Structures are given as C-alpha cells and as structure tokens.
Amino acid sequence: MNFDRIREKLNILADAAKYDVSCASSGSNRTNKAKGLGNASKMGICHTYTADGRCVSLLKILLTNHCIFDCAYCVTRKSNDVPRAAFKVQEVVDLTINFYRRNYIEGLFLSSGIFKSPNHTMERLVAVAKKLREEENFNGYIHLKSIPGASDELMYEAGLYADRLSVNIEVPTISGLKLLAPDKKHEDFIKPMEKVKNEIVRYQSERKTIKNTPKYAPAGQSTQMIVGASGESDKDIMYSATHYYKTYNMKRVYYSGYVPVTHDSRLPAIGSAVPMLRENRLYQTDWLMRFYGFSVGELLNSQHPNLDMDVDPKLSWALRNLQYFPVNVNTAEKHLLARIPGVGMRSVHKIMMARKYRNLNWDHLKKIGVALNRAQFFMVCDSSYWERRDLDADKIKGMILQNSSGKFRGQYSTQLSLFN
Amino acid sequence: MNTSTTLVYDGSFNGFLTAVFMAFDEKINVADIQKNNQTQSGLFSDTETVFTHVEKAKRVWNGIRNKSHNAISNVYFAFLSESEGVEMILYSYIQKLMRTNNGKYLDYADPTVLHIAQLSKKVGREKHRMEAFVRFQLTKDGIYFANIEPDFDMLPLISKHFRDRYADQKWLIYDVKRKYGIYYDLNHVEMVSLNLKDIHHNKMTKNDAFTSEEYEYQTLWNDYFKSTNIASRINPKLHKQHVPKRYWKYLSEKKEAV
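Sequences listed follow chains A and B, in order. Once you know that position 365 of the first sequence is 365 in the working numbering, the rest is easy, because the numbers rise by one and skip nothing. Once you know that position 34 of the second sequence is 34 in the working numbering, the rest is easy, because the numbers rise by one and skip nothing.
FYI, nobody ran anything at the bench for these hints, they're computed from the structure. Fair warning: this is a prediction, and the values are worked out from it, not measured in the lab. Cβ atoms here follow ideal geometry from the backbone N, Cα and C, with glycine treated the same way. Be careful, since some hints might not be right.
Straight line, CA to CA, 20 Å or less: simulated PhoX-like cross-link-like pairs of lysine-lysine [what the hints assert, rightly or not]:
#, chain 1, residue 1, chain 2, residue 2
1, B, Lys104, A, Lys334
2, B, Lys226, B, Lys249
3, B, Lys121, A, Lys366
4, B, Lys245, A, Lys42
5, A, Lys116, A, Lys197
6, B, Lys121, A, Lys35
7, A, Lys367, B, Lys177
8, B, Lys58, B, Lys127
9, B, Lys237, B, Lys255
10, B, Lys127, B, Lys140
11, B, Lys255, A, Lys367
12, A, Lys197, A, Lys208
13, B, Lys255, A, Lys33
14, A, Lys42, B, Lys160
15, B, Lys58, A, Lys356
16, B, Lys96, A, Lys356
17, B, Lys67, A, Lys356
18, A, Lys366, B, Lys160
Short, incomplete list of chain B residues facing chain A, as computed with Cβ under 8 Å [to be verified]:
#, residue
19, Val54
20, Ile158
21, Tyr217
22, Phe225
23, Ile230
24, Arg233
25, Leu238
These stretches of chain B come out as covered by chain A in the derived footprint (C-beta under 8 Å, 3 or more residues) [what the hints assert, rightly or not]:
#, region
26, 77-84
27, 106-115
28, 138-146
29, 163-174
Given the sequences, and given the hints that come with them, work out the whole structure.
This is the structure:
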C-alpha cells in the first residue's frame with residue numbers, strides 16, 4: 001500500500017464528508033459469525049470526539065468528490081475549485097479493516113459525489129460493502145448513502161450488505177430545492193427511500209415465518225436537513241421531519257446548521273455564524289416528539305412557527321399551556337410526568353418506581369436528578385411548600401431565567417454588558 | 001447485646017458474595033466487610049475471616065438475580081467501582097432487596113438504592129468508554145496490544161465485548177494501574193500478568209516492538225481525526241467532556257495534544 005498517496009486522498013475525501021452529521025453506529029443487531037471480524041454494538045459506540053464535540057464512530061469518507069451536480073450548499077459541487085480525488089474499492093476496504101482492527105471505529109460510512117451517473121456511483125458503493133461482507137467476513141457497521149436516482153435493483157442489493165441507508169433531503173422545502181439544487185428532482189430523493197422502506201417491511205414480515213431470513217438494513221434509514229440555508233421556518237423543518245418519520249419509518253432525521261462553504265448570493269455569506277443554538281432547539285423538539293409523547297402541532301403551529309431561543313421547547317410549551325399544571329408527581333400518570341419542564345425520561349422512570357414505596361418530596365426529587373429550578377413551578381409533591389402564587393407565564397419565565405445560566409445565554413441576551 | 005463482627009474477605013467478588021452468604025446464614029450482626037489487605041479492626045467488634053466458596057457465592061448471585069436482573073448487574077458494577085466502604089452499602093442494598101416481594105421496583109428515594117444505582121452507572125459509563133477508547137497497536141509478534149488506565153476495575157467487564165468483536169485476531173489489553181491484563185489467543189481469553197519494561201503510551205517516538213505499518217496507520221488515523229473537525233464549530237469544553245483528559249495519553253489521535 002502506498003501510504004503517502006492514501007494519506008493525500010484520505011485528507012481530501014474525509015474533509016469533504018464531514019458535513020454529513022450522522023455518525024450513528026447504533027441500532028444494528030449484526031453479530032460476529034464464523035469467528036470473523038466485528039460485531040455490531042446495539043447502542044453504538046463513539047470512539048472519539050472531534051474538537052467541535054461531535055462523535056466519531058465511523059470512518060466517514062467519500063468514495064470520490066468528483067460530482068456532476070452543482071448544488072449551491074455543497075462543498076464538492078461541480079463549479080467549486082477544490083482538489084479532487086477518488087478511492088479505489090480495495091483501498092477503502094483496507095482502510096476500514098485496519099482501522100477497525102485497532103478499535104478506532106465501529107465501521108464505515110461511505111458516501112460519494114456523483115460521477116458519470118447515479119447508478120454507476122451506487123454500484124461502486126455497493127461493491128465496497130459487498131467486498132467487506134463477503135471477502136473479509138466483516139460484521140461491523142456499514143452505512144451507505146443512497147444516491148438519489150439510483151435504480152431499485154441497486155437499492156435492494158445495498159440493503160443486503162449495509163446496516164443503514166440514508167438519503168439526505170438537505171433542503172426541507174421543494175421550493176428551496178429548486179432554488180439551491182436545480183439539477184436535482186424531489187422524486188429522485190424519494191424513490192430510493194420508498195424502495196428501502198418497502199424492503200425493510202417485507203423482510204420483517206418474512207422473518208416472522210422464516211427465522212433465518214437474511215438481514216436487510218437492520219439499522220433502518222436516516223436523512224439530514226440543512227438548517228438556516230434557505231430561509232425556512234422551524235415549523236417547515238419539523239413538519240417535514242415528521243413526514244419522513246411517519247411515511248418512511250426513518251430511524252433518525254438529522255438537523256445540520258448550515259456551515260457556509262461557498263460564495264453564493266442565494267446563501268449566507270462565508271464567515272456568518274453557524275446556527276448552533278437553533279440546531280440544538282430542533283433536536284430538543286425532535287426528542288420531545290420521539291420520546292416524550294408530544295405531537296409536532298403542540299410545539300410548532302401557525303401561531304408559533306418558530307421555537308423560542310431563550311427557553312427550551314418543553315418549557316415554552318408549558319408556559320403556553322399553564323392550564324395543565326401543577327402536576328402532582330405522586331399520582332400523575334407517566335405521560336403527564338414527562339411533560340413537566342425539567343423532568344427527563346430517566347427521572348420519570350425513577351419517580352414511577354420510587355413512588356411505589358413512599359410519597360416523594362422536594363428532597364427526593366432533587367436527589368433523583370430533577371431540574372427543580374424549572375420543575376418547581378409546574379409540580380406539587382409531598383410537601384407543604386409549593387408555588388401558590390398565581391403567576392403568569394412571563395413572570396415564571398423571568399424567574400427561571402434569572403435563577404439559571406445557559407451555555408447559549410450570550411447568543412440571545414439583549415442585556416447590555418457593563419464591562420466590554 | 002449481640003456482638004458485631006467484621007468480615008474479612010480476599011478482595012474477589014466471589015469472596016464478597018461468600019461473606020454475604022455467611023452473614024445471612026449465621027445471622028451475623030455485621031460491623032463491616034473489609035478486604036484482607038486493608039483491614040482495620042474495630043474496638044467493639046470481632047473479626048472473622050471469610051474463605052471464598054464458589055457454591056455459596058453462586059447461591060447469593062442467583063438469589064439476587066431471581067429478585068431482579070437489574071439488581072444483580074447493579075451489585076456487580078458497584079462492586080467493581082472499588083469505592084471505599086462499598087461492601088457495607090452493597091450489603092445493606094442486598095438486605096433491602098431480599099426484604100421486598102418484587103425486586104422489579106427499586107426505591108430510588110432510598111439513599112442506599114440511589115447510591116448503588118449511581119455507582120453502577122459510573123462504572124457502566126467507564127465500561128462504555130473503555131470499549132471506545134482502547135487503541136490497539138500491532139506488535140511484530142502479530143498481537144494487537146493496548147494499555148489502559150481506567151478509574152475502575154474494567155477488564156472483567158469488557159472482556160466479552162472484545163472477544164466477540166475481535167474473534168480472528170490475537171489481542172492483549174493491559175491495565176497499567178492494576179498490573180494485570182487479558183489476552184485472547186484465538187480460542188480463549190485468559191488473565192495474564194506481565195512485567196512491562198515501559199508503558200506504551202501513544203508516543204511520538206517509535207518503538208521497535210511495533211510494526212512499521214502500525215505507525216503508518218496511526219498517522220492516517222490522526223489525519224482523519226483532524227480532517228473531520230469543522231473549525232467554525234469548535235467547542236473545546238464539549239470535547240473534553242466527551243473525551244476526558246485523563247484518557248488522552250492512550251489515544252493515538254491525541255498524541256500531539258498530550
């Protein structure tokens with residue numbers, strides 16, 4: 001192996017792949033077979049974290065950054081003047097195996113610029129996965145990118161070798177897509193998703209009757225949307241995320257704050273700040289929808305098309321719906337406990353168990369890990385002290401903000417600083 | 001008055017469980033349970049030595065497991081935390097568990113239960129970290145070798161993970177702090193103790209024990225680590241929270257930072 005050449009290629013192709021935020025290695029139940037190499041970990045493992053604090057669990061690279069498309073938001077678009085490179089199939093296989101053996105990674109995340117045609121590109125991606133599985137007996141995690149416009153046959157084959165498949169929708173609205181990626185059609189994104197979803201459903205139902213049905217994309221599908229590139233509202237983003245969760249059984253939708261990479265009048269200029277706080281609020285909303293039993297319409301609707309920046313979405317919902325509070329932690333049902341601001345699902349679980357033994361008071365709740373600075377306004381417990389004043393939403397919000405500090409506070413505070 | 005007794009065991013988990021068995025069986029009023037290398041006799045208590053008995057230990061293990069699977073892993077994980085005085089807290093935890101009809105519900109408002117749950121969580125967190133942060137280096141003998149220096153005694157917990165995963169390569173993980181390692185010879189994992197001349201941190205200087213290819217891959221991995229960083233999102237605090245500094249010296253991607 002010519003290490004210098006590989007090194008050069010790796011630098012170019014890893015750099016180009018980093019804007020894909022997904023690095024999950026969880027959700028697969030693939031096990032080591034015939035004393036081969038690798039064993040997927042159901043919960044996923046982050047082997048290290050980049051200096052910006054993102055998980056590195058997979059070797060995330062492009063097969064090539066040559067591309068025939070010219071999408072405005074993309075760093076590898078045709079008209080951008082960047083060094084180009086391409087890996088050979090065997091080179092990717094060798095890198096993956098050697099990194100895996102040293103416990104650097106959970107597996108491979110392979111994406112690619114589109115060279116020649118979508119089918120031609122997809123074929124090469126599948127070839128890498130096939131070689132890893134069949135020749136190297138590799139049972140680690142493989143995430144392949146579904147190339148928009150690839151044929152159904154190739155998508156079928158991809159699912160046989162990969163644990164997860166993903167298509168990045170990138171722009172949440174169809175009008176935005178027309179503006180920023182004029183060469184791409186919305187249907188091209190949808191078709192591979194639809195195919196993979198149908199195959200997953202088919203394989204799952206077959207497994208019910210035939211136990212040794214081979215695995216088909218056991219970790220499901222995911223997608224990604226860019227936030228803050230085409231002027232969409234939080235409501236647009238979350239409604240379209242809900243659509244993908246429901247229609248295509250997505251395991252995850254990722255939200256990626258747009259990092260300006262090019263000069264283009266259609267996009268934020270280079271050097272403008274990455275909307276990290278907004279991204280954070282979107283993920284919080286996503287979690288509330290998936291684990292806390294909120295529906296998207298409760299959190300975002302035509303009266304509230306955007307999320308509050310100064311408080312988290314659950315607190316913001318609670319402040320708009322004070323009629324549901326206070327909740328009695330010792331008697332309330334689980335789904336109501338989950339709606340109290342400052343109470344996470346782990347605390348809900350602990351409260352449910354502990355209250356079988358005794359009524360809980362503030363002390364117990366604090367030790368269990370409830371964030372009382374927020375929660376105290378929304379609950380009663382086994383104590384004679386609780387918030388009796390009839391406070392309105394603004395008052396509560398003010399008191400919470402006054403008694404807490406947030407890591408993003410500097411970004412939205414309108415308070416002028418005295419000393420700088 | 002019933003005199004209290006201090007039970008002294010050999011430091012192993014089975015030894016501890018045997019001590020618990022004795023305490024229940026002989027209805028001993030336990031003053032303390034101590035490891036034999038750090039005993040401290042109390043003024044008003046007798047001392048009794050516990051001889052590890054696997055069958056007795058197994059009965060305690062099964063007894064706890066029958067109450068709750070969650071509880072047995074809590075007990076084992078909390079024990080491996082090696083935290084001072086954990087034995088007595090565990091003993092009272094087991095007593096409480098045995099008194100319940102149904103071990104499914106844990107009383108998290110009880111300080112003992114919460115403490116054990118938190119200890120077990122700490123150990124679980126480090127187990128997960130170790131599965132992530134072990135960095136093998138290929139020696140000229142064809143063994144993938146790694147040094148670790150965990151806060152808690154991790155090797156018994158991570159051995160299955162690595163055996164399942166690296167079934168086709170020989171590997172050795174050595175705990176620098178506790179001076180023992182586990183070695184997989186393609187068939188079994190066994191405990192080994194060895195005299196290491198020097199600890200193999202991921203140093204900038206090369207060592208002859210490792211293949212030259214090893215250093216090439218370390219360079220590639222280092223480069224990869226750097227390329228994946230998005231400079232406009234830099235967040236050192238978050239980075240350190242996820243990858244605490246004490247692990248850095250064994251991580252090849254951080255060798256320039258150490």
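Status of each hint after checking the structure:
no. : hint                  : verdict
1   : Lys104(B) - Lys334(A) : holds (17 Å)
2   : Lys226(B) - Lys249(B) : holds (17 Å)
3   : Lys121(B) - Lys366(A) : holds (18 Å)
4   : Lys245(B) - Lys42(A)  : violated (27 Å)
5   : Lys116(A) - Lys197(A) : violated (27 Å)
6   : Lys121(B) - Lys35(A)  : violated (31 Å)
7   : Lys367(A) - Lys177(B) : violated (32 Å)
8   : Lys58(B) - Lys127(B)  : violated (24 Å)
9   : Lys237(B) - Lys255(B) : holds (19 Å)
10  : Lys127(B) - Lys140(B) : violated (29 Å)
11  : Lys255(B) - Lys367(A) : violated (39 Å)
12  : Lys197(A) - Lys208(A) : holds (17 Å)
13  : Lys255(B) - Lys33(A)  : violated (35 Å)
14  : Lys42(A) - Lys160(B)  : holds (15 Å)
15  : Lys58(B) - Lys356(A)  : violated (30 Å)
16  : Lys96(B) - Lys356(A)  : holds (15 Å)
17  : Lys67(B) - Lys356(A)  : holds (17 Å)
18  : Lys366(A) - Lys160(B) : violated (36 Å)
19  : Val54                 : violated (30 Å)
20  : Ile158                : violated (11 Å)
21  : Tyr217                : holds (5 Å)
22  : Phe225                : holds (7 Å)
23  : Ile230                : holds (5 Å)
24  : Arg233                : holds (4 Å)
25  : Leu238                : holds (3 Å)
26  : 77-84                 : violated (count 0)
27  : 106-115               : holds (count 7)
28  : 138-146               : holds (count 3)
29  : 163-174               : holds (count 6)
Against the hints set out earlier in the document, violations occur for numbers 4, 5, 6, 7, 8, 10, 11, 13, 15, 18, 19, 20, 26.
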